[in-house]
Amino acid sequence: MITGNLNTLPLATLPPALSAILERPELAFGALCAMPDGLYQPAGAAWFVNIGTSMTEPPELRHTEFHRDYLDIQVVLAGEEIIGFDLADARTAAAEERKPDLYIIANPRLANQIRLRPGDFVTFYPGEAHQALCAAGQPAAVRKAVFKVPRRLLDDSGRA
1 MITGNLNTLP LATLPPALSA ILERPELAFG ALCAMPDGLY QPAGAAWFVN
51 IGTSMTEPPE LRHTEFHRDY LDIQVVLAGE EIIGFDLADA RTAAAEERKP
101 DLYIIANPRL ANQIRLRPGD FVTFYPGEAH QALCAAGQPA AVRKAVFKVP
151 RRLLDDSGRA
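Last residue of the sequence shown: number 160 in the numbering used here, and the count goes up by one each step with no gaps.
Warning: the hint list may mix true and false statements.
Said to hold, decoys possible - Distance ranges between label pairs, derived from CB positions:
1) THR3 / ASN50: 18 to 24 Å
2) ILE104 / PRO16: 18 to 24 Å
3) ASN107 / ARG24: 37 to 43 Å
Claimed, not checked - Straight line, CA to CA, 25 Å or less: simulated SDA-like cross-link-like pairs of lysine to any residue:
4) LYS148 / LEU32
5) LYS148 / GLY127
6) LYS148 / LEU110
7) LYS148 / ILE51
8) LYS99 / ARG143
9) LYS99 / LEU61
10) LYS99 / PHE48
11) LYS99 / LEU9
12) LYS99 / ASN7
13) LYS148 / THR53
14) LYS99 / ILE51
15) LYS148 / ARG24
16) LYS148 / ASN7
17) LYS99 / ARG24
18) LYS99 / TYR125
19) LYS148 / LEU87
20) LYS99 / LYS148
21) LYS148 / LEU27
22) LYS148 / HIS63
Worth flagging that the hints you see were computed from the coordinates, not collected in a lab. Here the structure is a predicted model, which is why all the values come from computation and not from measurement. We put the beta carbon where it would ideally sit given N, CA and C, even for glycine.
Please model the entire structure based on the sequences and the hints provided.
Structure, rendered in structure tokens:
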């Protein structure tokens, strides 16, 4: 897991493959905010980003997920959310694959959480359990960009 803010991207020390995506001028914070909701995938790119608005909920109503083949970069564009997470490898946990590469953990134990505000992002590598869209207080709308990056695009840093 790596966290940072799009407005201070160099401080995040992302792997080169992820930096190359987020440093694109058309994906700067202001540009992402101006994009309409929907799927964006540049021609020839293996990665894509979904932009949309969701409602946050109390954590007990949110599912906990992980992925095997893709990593997430979750960026808050408007509003705020809390994301629960754990540092253990979730790939050995009992889980149900509800959609391709979306594994839901039945009884998660999430020891940590992070609060994201506009411009903040967090990465979740394959096997890192996360519970997104948890309310920071009362349930509220949050607009996000969620990048899906195939793990094969990462270098041999041991994170893929």
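- Item | Which numbered hints fail | The structure conflicts with hints 2, 11, 12 and 17, although it agrees with all the remaining ones.
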